[in-house]
Every structure is written in C-alpha cells, then in structure tokens.
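All chains, please: the whole structure from these sequences, using the hints.
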Amino acid sequence: MRTFKWNPWFEPEVETTIGVAWISFPDLPLNFFAKDAIFPIATAVGKPLTMDMETRNQTRPSCAKVKIEVDLMAKLLQRVRITEEDDDTGI
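Going from the sequence shown to my numbering is simple: count from 1 and add 35.
Read the hints as simulated data drawn from the structure, not as lab findings.
Some clues are possibly wrong.
Derived DMTMM-like pairs (lysine to aspartate or glutamate); straight-line CA-CA distance at most 25 Å [said to hold, decoys possible]:
#1 LYS100 x GLU120
#2 LYS102 x GLU89
#3 LYS70 x ASP106
Right, here's the structure in full:
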C-alpha cells in the first residue's frame, strides 16, 4: 500500500512517479540541524517536507533525517557535498 499527497485530480488507475522517502545526513554539524539550514541541503535530493523529531530537537547528533518528496524516475544522488562559507571571506 502506498499513500499519496491529496490531489483533486487523483486517478487511482494512473501510476505516479512521485514518492516519499527519508534521507539521512550522517555526521552533519549541529548548526545545520535548523530547518532553514537543512531544507536547502535536502533540496539537492528532492522537495523537503519535514524533519524527524530527533533532528528537530537535536537529540541524535550523529545523524539528521529529512522526509522528502522525490521523483522515483529521476536519478537520485548518493551523496551531497556540503561546504560552509566563512562570514568574513565568503569562501
């Protein structure tokens, strides 16, 4: 059984390529656990929907998790490289 986001044009006989998945960011620094920091990172993989409670509350510092909406037919990234800019130099 699969669940879908509500859509007034939903047709049960038509297969969709859109799915929902949880993605993990192991060893992400805690300053990236805020929604305004982690959602832009998750956008590299799909459309961010929510963070899990442990990420939101920063109670599992070893890994952040975000639920995303993703096109199952698109090539998925295996890794996302994250760099942090220096406020003084912009690098």
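Here's how the hints hold up against the structure:
At most 25 Å may separate the alpha-carbon atoms for a hinted pair to count; LYS100 and GLU120 meet this at roughly 23 Å. At roughly 13 Å between alpha-carbon atoms, LYS102 and GLU89 fall within 25 Å of each other, so this suggested pair holds. Taken as a hint, the LYS70 and ASP106 pair is honoured in the structure, with Cα atoms around 22 Å apart against an allowance of 25 Å.
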